[in-house]
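Asker: Listed below are the residues making up each chain.
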Amino acid sequence: MTSAVRLAVSWLLRAPGRSSIRVLVLAASVALLGGMLLFVGNSLRTVAGSAVRSVPLDLQGPVSSYDQARAVAGEVARQSGVLQASPAATAPLTGSEHRGPNGLTSSGAGAVLAVPLDYGAHIHTFRFLQGALRPGAVVLDQQMAATLQAHIGDRVTLNAPGLRASQTYPVSGVALVTASDKLFQPLNPQLGPAPAQPPANVAIMPLHTFASTLARAIPTISAAGTAANAQPGAQTGVQWQVQTQLDPAALSTGSPSAALERATQTRNRIERTLPGRVQFVDNLSESLNTAATDALYAETLYIMLAVPGALIALGLAYLAALGTVERDRRDLALLRARGARRRDLLVLAGIESLILGLVAGLLGTAAGFGAVSTLVAGGAHASTGRVLSIGAICVLLASAGAGAARVGASLSSLRMSVATGQRGTRREGKPLWQRLYLDIACLAISGLIYWLTASTGFSAVVNPDSNPTLSLSVYMFFAPALLWVGATLLLVRLRGRALSWVIARVVRGRAIASRPRLFLLISAGRRGAAINRGLLVVGLLLAFGVNLGIFSATYNQQVKVDAQLTLGADVTATAAPGVASQRNLARRIAAVPGVAATTGVEHSYAYVGPDLQDTYGIDASSFGKATSLRDSYFIGSTAQQVLVRLRSTRDGIVVSKETITDFSLRNGDLLRLRVLDQRTGQFHVVPFHVAGIVQEFPSAPKDSFMVANLSYLESVTHTGGPNVVFAKVNGYPPDVARRVAAATSSLGTRVDNITDQGARTSSSITTVDLTGISHIEQAFAIVLAAAAMALFVALGISERRQEFATMAAIGAPLSRISAFLWTEAAIVLSVGLALAIGLGWLLSEMLVAILQHVFDPPPDALAVPWSFLAGLAGAAILATLLATALATRGIRRLRLGEILREQ
Amino acid sequence: MSSGPASVVRAPTSLIACKGVSVAYGRGDARVTALADVDVTVHPGERLALWGRSGSGKTTLLHVLGGLLVPSEGRVMWKARELSSLDDAARGRARAGGIAYIFQGSNLLSHFTAFENVAFAHEVSAESADAQSDESAKDGWAKDGSANADGSANAQTSRSSGYSPEDLLELVGLSSKLDALPGELSGGEAQRVAIARALAQSPELLLCDEPTGHLDSDTAERVLDLIEALQREFSFALVTATHDAGVAARAGRVVELTDGRVVGVTSQ
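Protein chains in written order, with the working numbering: chain A, 8 to 910; chain B, 7 to 274.
These aren't lab readings, by the way, just hints derived from the structure by calculation.
Incorrect hints may appear among the rest.
Covered stretches of chain B, going by a simulated chain A footprint (3 or more residues, C-beta under 8 Å) [unchecked claim]: (1) 70-78; (2) 91-98; (3) 124-133; (4) 244-250.
Among chain B residues calculated to face chain A with C-beta under 10 Å, some are [what the hints assert, rightly or not]: (5) Ser-28; (6) Val-29; (7) Gly-32; (8) Asp-35; (9) Ala-36; (10) Arg-101; (11) Leu-187; (12) Arg-203; (13) Phe-240.
Pairwise CB distance ranges (calculated) [said to hold, decoys possible]: (14) Arg-336(A) with Glu-190(B): 19 to 25 Å; (15) Arg-267(B) with Arg-908(A): 18 to 24 Å; (16) His-388(A) with Ser-116(B): 38 to 44 Å; (17) Ala-536(A) with Arg-37(B): 39 to 45 Å; (18) Ala-536(A) with Ser-273(B): 26 to 32 Å; (19) Arg-348(A) with Ser-273(B): 33 to 39 Å; (20) Val-394(A) with Glu-190(B): 24 to 30 Å; (21) Ala-344(A) with Ala-30(B): 28 to 34 Å.
Only a predicted model underlies this, so the values are computations on that prediction, with no experimental measurement involved.
Glycine is no exception: its CB is placed at the ideal position from the N, C-alpha and C atoms.
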């Protein structure tokens, strides 16, 4: 064994240049995988962190009384891993009233949320738009405040079931309740979370105030009464509870599965510590469960993106090994002549591969770690164990790749040692996969899965009554995976026969002696298998790059679109009613450096028949400049057409498809809405004319809403102008947002930006920033594609050196000889680019079809990163030019005498 | 890449001549002398054998004569022009225009059929002739008249130049194998294609390196007969490197080599 190791080392050292190329190629291949494994680990932490942060209220434990709620909350708060535990209560309201200067205004049924004054420290189920909680006072949800036309300082009357006399409270603030589906859900620890239809009117009051007033009259729901509050939205009494938020820092250090395990352990420990006193409805676990499924999906997605590239890169190792095949053949023949058995040769190849794999694996791990640290936001955080395991995987893969390439390249030499005697009877048959048409089967199944994905969708959106939950099938990934496999096998099957066939048709019947270029084509046609080998690696690597580039660009574009749709624009500034127009907020923001355009948006409500809908007042002439509108947001018209129609129709209104259907409307039809006039406090009927159908709109909710002209809406509501300003920015949104916040801080605005919003989108998959890993993979694709072309040319000269020497002996000039290399390189490059465009585009289509269900709205079309694609093609072309120029120089330096003696 | 004006030596009777040629490989202790101070002259239409054992330097000398190898010392004069001082391109043109090779293993271009192998050489030769006449006209090398002293410096005079690739393959008896790839030919057939290819270069000098080394004796005999018949027909000078005394005996003059030195010249 020692002598075998020594021999293997001496083989590798004898050709240091070629050994280095093999090591570098292998290292690049495994670095891609190693980097991806590191990235996946980081991504899972991001997904877990996002899932933890996205839950506004982790645990809700129903209890029987106010006292019990306070006592249990105090004990829970002392537990480790708990960030905050607060006693709270919810209760139904039968109605509310407000007597203002314009008379009495009343609202329908709603709910009360009672919380301690310090509730908002870590639990964010609502946020104040104005004012704050004050003892003895009430904070109204903005919709309820709008309906009652109540402002801070006004007094509102609340009615509750069982309440003999209405209770009147001063208004101390206006808030936006953001987690009403959780807050008012029925609490049954046995059944788990059951997000409820949010109440239309919500009043928030201090817990103590609630306990001393409303709670005395309203019956209490028993903590153990599982049936008492089982129907969502049908709360009949006071639900005392302990609301708990776990420490996110402790949960975000691993994958969603690990976070789920830790969260469950914490919950169980608390429940065990307080036996029989509290059991929790676990909102966090549900979110983490979904995130764990998404994490599996994300892992598959990322691996799906990287593995083909790494595998094709191993094909480069095969090309590199082919460069030494002639020398290896001679060495193996010599060993065979000296009595080495086939087994000995295989052991030798194995040892050589292990040495190469060890060096390349370690180098690749380091390169992968370095690339992720440098290019991925947040760097590469991995425990020593994880680094070691990734290193071991890389070494293993590199050794396997080196071994496969070595055996593949020297197969004939290895076979020769045992099969020489059988040469006469041995027949080279088609391999099993070719006889079974595995390539065609893979392509057909891939097409079928793609068709199913694109047309019917394998994914399901469950629980449509509340927050849609994403549930995706990993089987969808079989479409691109099988396309990779099928396309590769088909290329192997063709072995350049298609190229030979085409060239044979081109040169057929032509007088070659008078057309020197035809010799080049004839040669290329007969070397179809060799060219195909290059095409296989170069074309697939370029396809990998194209697929990666298009997919990443589309992914990033959709993340931005998703975030923009949720937030409304690159930067938004929300202000109290009246402030925006009185203090000229839009103009102030427009003056901030980095802001390209602004527009004001008024958000209010109006009744369409009995249905209260969000209504947005926009300035149609400036709206398109301050935010992005996509044609897919509208039905039957483009975004531009709808804006033009709104501009030209003062009382125009764009409504949802549901409204169009329910009221049998068409464009231009009259639509009478009941709009709240802030001046009179009365709803009054206002005529509008339908100007279009909308299904998505910046900052609008998922369900029905309407968009009208801001000036017309203001003239009928008298609200005092827009309450939100949308801004399109030129720079980095968080930076511009900071400047906007600084410039408008005196006006009490709340400023949000699209980048931060991107990390809060509903799907945990899209919270992962693919930019860094895309850059790594794109860099790998460019380098590997260039290396593939260079290796192909180098291999060409290595394989044909005797032919070229013969041509030189005949007297063929250098330009004539090198033209054979140029021709083959040009064929591989051009066909490879064509293959890459076709296959890469198809793969991107498939991946994006899978992601149709991740993004809202789905992409209109694939985003094409022209600069990256140009760089990829440019790198391949440049590498070809360089390699061929160097090869031409190499031909000039061929030692003709020596080569022509070789037999 | 231009060959430029070369030193001109008036030696009208020799087609090619080596004067004090030495070839050495390596440096220091590893230095190996393949040829040492060799003088050989080949006359137009002459049949010469380089005879010696393996490692005697005959193939090296053949490569020096064909301009495939530049000697470490000495000069090689090709039709009164110093071949060894020319650059790669000019030496290539010289080969294409009059010096042909037949190798031991035929060295056919494996991706070309028999016809294409011959046609390629034919085409290279024709292209070279055009380039050479253009270059000569440009650099005035032919203007002093010395280069034409032997009447052949700028002209492709071989009688085989008028033959098409098909004709040449018919001449070597392979008109039925035009479309056969080298791998589909027997050793003798491949060597006959190599002969046709050499003829396609309209050679004035044909260099054969153990042309029958891979052939059985009957086939070898037929190949040698063919080469000699063609030499008679086309009047090119024939230099054959061989270790076989029988093959050497067929030449008009035999140069015996041992350890890179000429140890004897025998005229027959």
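Asker: If a hint holds in the structure, say so; if it doesn't, say that too.
Answerer: Consistency of the hints with the structure:
Chain A is given as covering the segment 70-78 of chain B, and this holds because 3 residues of the stretch bring a CB closer than 8 Å to a CB of that chain, at least three being needed. Judged by the Cβ-Cβ criterion of 8 Å, the segment 91-98 of chain B is covered by chain A as claimed, because 3 of its residues qualify and three suffice. Only when three residues or more bring their CB closer than 8 Å to a CB of chain A does the claim for the segment 124-133 of chain B stand; here the count is 8, and the claim holds. A stretch counts as covered by a chain when three or more of its residues have a beta carbon under 8 Å from one of that chain; for the segment 244-250 of chain B and chain A the count is 0, and the coverage is violated.
Among the interface hints, the one on Ser-28(B) is violated; its C-beta lies about 15 Å from the nearest C-beta in chain A, farther than the 10 Å criterion. With its C-beta approaching chain A no nearer than about 9 Å, Val-29(B) sits inside the 10 Å limit, and its interface hint holds. Using the Cβ-Cβ criterion of 10 Å, the hint placing Gly-32(B) at the interface with chain A is not satisfied: the shortest such distance is roughly 13 Å. Because the smallest distance between the Cβ of Asp-35(B) and any Cβ of chain A comes to about 20 Å, over 10 Å, the interface hint for this residue is violated.
With a cut of 10 Å, the hint placing Ala-36(B) at the interface with chain A is violated, because the nearest CB-to-CB distance is about 15 Å. For Arg-101(B), the suggested interface contact is upheld, since its CB lies about 4 Å from the closest CB of chain A, less than 10 Å. Hint status for Leu-187(B) relative to chain A: holds, with the closest Cβ pair at about 8 Å, below 10 Å. Because the smallest distance between the Cβ of Arg-203(B) and any Cβ of chain A comes to about 7 Å, under 10 Å, the interface hint for this residue holds.
For Phe-240(B), the shortest C-beta to C-beta distance to chain A is roughly 17 Å, which exceeds 10 Å, and the interface hint is violated. Checked against the hint of 19 to 25 Å, the pair Arg-336(A) and Glu-190(B) passes, with Cβ atoms roughly 23 Å apart. Between Arg-267(B) and Arg-908(A) the beta carbon distance is about 20 Å. The supplied range of 18 to 24 Å therefore holds. Here the CB-CB span from His-388(A) to Ser-116(B) is close to 56 Å, at odds with the stated 38 to 44 Å.
Under the hint 39 to 45 Å, the C-beta atoms of Ala-536(A) and Arg-37(B), about 43 Å apart, fit the expected range. Evaluation of the 26 to 32 Å hint for Ala-536(A) and Ser-273(B) yields a failure: the beta carbon distance comes to about 53 Å. Separation of Arg-348(A) from Ser-273(B) is about 56 Å and departs from the stated range, judged on CB atoms against 33 to 39 Å. For Val-394(A) paired with Glu-190(B), a C-beta distance near 57 Å fails the hint of 24 to 30 Å.
Here the CB-CB span from Ala-344(A) to Ala-30(B) is close to 31 Å, well matched to the stated 28 to 34 Å.
Hints 4, 5, 7, 8, 9, 13, 16, 18, 19 and 20 from the list above are not met by this structure, while the remaining hints are.
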